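Engineer: Residues per chain, in single letters:
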Amino acid sequence: MKKKELKEEEITGGSIKRKTLVSFSVFFVLAGLGIGGWVWLNKQDTSDGTLKPLRKVLNVNEKVNNAFFSDNHLVKEYPKSKAEKDVRVNGDVGMGEDYKFENWKLTINRHPESMSPDSVLYLTINDVRSLPYKGIIFDFKCIEGWSQVTNWGGVKFSDFLARYHLGTHSGRAPDPNHPEDLYKYVGLMTPDSAYYVGVDMKSMMHPQTILAYEMNDSVLPVDQGYPVRLIIPIKYGIKSIKRIGYIYFSDTRPKDYWFERGYDYDAAL
Amino acid sequence: MAPPEKKVIIKKHPLVIRWAHWINFPVLGIMIWSGLMIYWANDIYRIGWGDKTVLKFFPDSFYSALNLDGRLSDGMALHFFLMWFFFLNGFIYVLYTIISGEWRLLVPNRRSFKEVWQVVLHDLHIIKYEPPSAKYNAAQKIAYTSIIIMGFGSLLTGLSIYKPVQFGWLCAMLGGYEWARIEHFVLTIGYVLFFLVHIIQVIIHGWNNFQAMITGFEIKKGKPVPTPVEVDKPAEEKPANKQQ
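Protein chains in written order, with my numbering: chain E, 1 to 269; chain Y, 1 to 244.
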């Protein structure tokens with residue numbers, strides 16, 4: 001192997017002084033710029049709970065992620081024996097205890113939130129249950145950093161859209177040959193509108209995204225979102241909204257509870 | 001009039017390496033700080049067995065002292081902003097080190113692993129013998145090469161917990177999501193320990209060594225090397241000598 005050695009050079013004491021001065025000047029100017037940049041960053045206004053420059057970067061990161069996103073990347077599924085019996089409950093926004101479940105119906109607007117009466121559809125839990133069953137046992141991941149293998153049952157969201165002709169501008173069932181007919185986003189809210197999420201259509205159409213009405217093969221418990229919740233394994237748990245009351249479709253980002261509190265919009269895994 | 005006094009400098013750190021070093025310092029610092037904000041939201045790691053905990057990561061006083069508590073979203077935003085700089089800076093450093101041949105001074109060889117114990121014993125003043133050192137001694141070679149590999153490890157473990165579905169293969173290779181998170185954390189603790197030893201060593205080895213990371217050169221100790229004798233010889237003899 002060729003041996004590399006440090007080069008030596010004979011120079012005057014004066015030029016050592018000059019070189020040292022130049023190097024240290026550059027060093028301190030850069031250090032000053034770095035500290036100045038940090039102070040500047042922290043003085044910026046916030047946009048949806050995070051400093052504006054950081055929000056911009058989060059949005060760029062989402063574009064990068066979307067460019068690499070593939071439907072073929074499925075979440076790993078587990079055997080039933082691995083599923084946790086004691087499922088963690090996290091978050092109770094929109095889960096008011098005095099809710100009258102006998103009044104529950106799934107209110108769907110075929111178009112953006114500004115509801116015109118003729119575009120609204122009301123469904124019961126039996127309308128949801130009438131679709132083919134889809135179960136999934138996967139490692140549910142919370143944005144806080146914990147994860148848990150849990151067992152859910154319901155219907156594929158893509159089946160749901162196809163059956164009720166939802167998610168398209170034309171009012172027809174989604175057609176893979178006409179992706180432009182699909183709305184870009186789905187908005188979901190609890191009945192009291194206190195918790196709300198927005199999810200991109202690609203992720204909602206993912207084959208592992210379900211409207212769940214079962215957990216561990218029994219009826220969904222109230223604190224887990226009875227009568228129906230979203231389970232979207234390719235996102236952090238914050239997007240898996242419980243107790244869905246409203247669903248609507250939009251080409252712009254629907255409002256999102258945790259986005260407004262400083263998190264990135266996609267929360268994609 | 002006497003000619004100006006000459007000194008010999010040893011060109012130690014190339015410009016690119018100095019830049020990479022000083023950019024990495026604040027970037028890695030804020031990466032660790034924001035990483036701790038993220039870790040705070042699920043701070044389950046500890047050293048201990050059964051119910052006995054020797055060391056909890058971390059006590060509440062630690063979080064409040066560093067202003068880390070309740071800042072998960074701040075931490076994520078900062079972390080996913082600076083990750084680009086951490087990656088690019090590391091990438092440029094590695095690329096430069098390979099292309100310039102500088103890696104030959106850095107990467108340990110078989111002898112380094114024998115000498116490393118002698119370096120440690122020497123530094124602890126247990127033995128007098130100091131193993132040979134070109135730019136770096138055996139311990140430095142191993143430490144500085146390890147830190148680059150650790151950086152690469154942080155990149156991979158980080159990516160696999162950032163997008164565990166899209167990079168599912170990577171996540172699986174690293175032992176799954178929970179393991180990748182542990183590995184990412186342990187690497188961070190490794191940086192902190194490296195930093196402590198690094199700072200102590202830099203202080204011990206004095207100003208000439210430290211300033212080289214800013215100026216690029218060290219001033220050779222002792223009297224300047226006497227002017228080579230050949231220069232005094234008649235100029236016309238030189239080409240003839242070279243041809244022999």
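Calculated from the structure, these hints are not laboratory results. Keep in mind the model is a prediction, meaning the values are calculated, not measured. There's no promise every hint is true.
Stated by the list, open to error - Selected chain E positions facing chain Y (in silico; Cβ < 8 Å):
hint	residue
1	S25
2	G34
3	S170
4	N177
5	G262
Said to hold, decoys possible - Here are some chain E residues the structure puts well away from chain Y; computed CB gaps all over 10 Å:
hint	residue
6	D45
7	N61
8	H169
Cβ coordinates follow ideal geometry from the N, Cα and C atoms, glycine included.
Engineer: Next, verify each hint and record whether it holds.
Structural biologist: Hints and how they fare:
Interface restraint check for E:S25: the shortest CB-CB distance to chain Y comes to about 10 Å, outside 8 Å, so the restraint is violated. Look at E:G34: its Cβ gets to within about 6 Å of chain Y, closer than 8 Å, so that hint holds up. Annotation: interface hint on E:S170 violated; nearest CB of chain Y at approximately 31 Å, more than 8 Å. Residue-level restraint check for E:N177 is violated (minimum Cβ-Cβ distance to chain Y is 26 Å; threshold 8 Å).
For E:G262, the interface hint holds, since its Cβ comes within 8 Å of a Cβ in chain Y; the closest pair sits about 3 Å apart. In this structure E:D45 is separated from chain Y by more than 10 Å, as the shortest Cβ-Cβ distance comes to about 14 Å. At roughly 6 Å from the closest C-beta of chain Y, the C-beta of E:N61 falls inside 10 Å, breaking its exclusion from the interface. With a closest Cβ-Cβ approach of about 29 Å to chain Y, E:H169 is found to remain outside the 10 Å limit, as its non-interface label requires.
The structure fails hints 1, 3, 4 and 7 (numbered hints given earlier, in ascending order).
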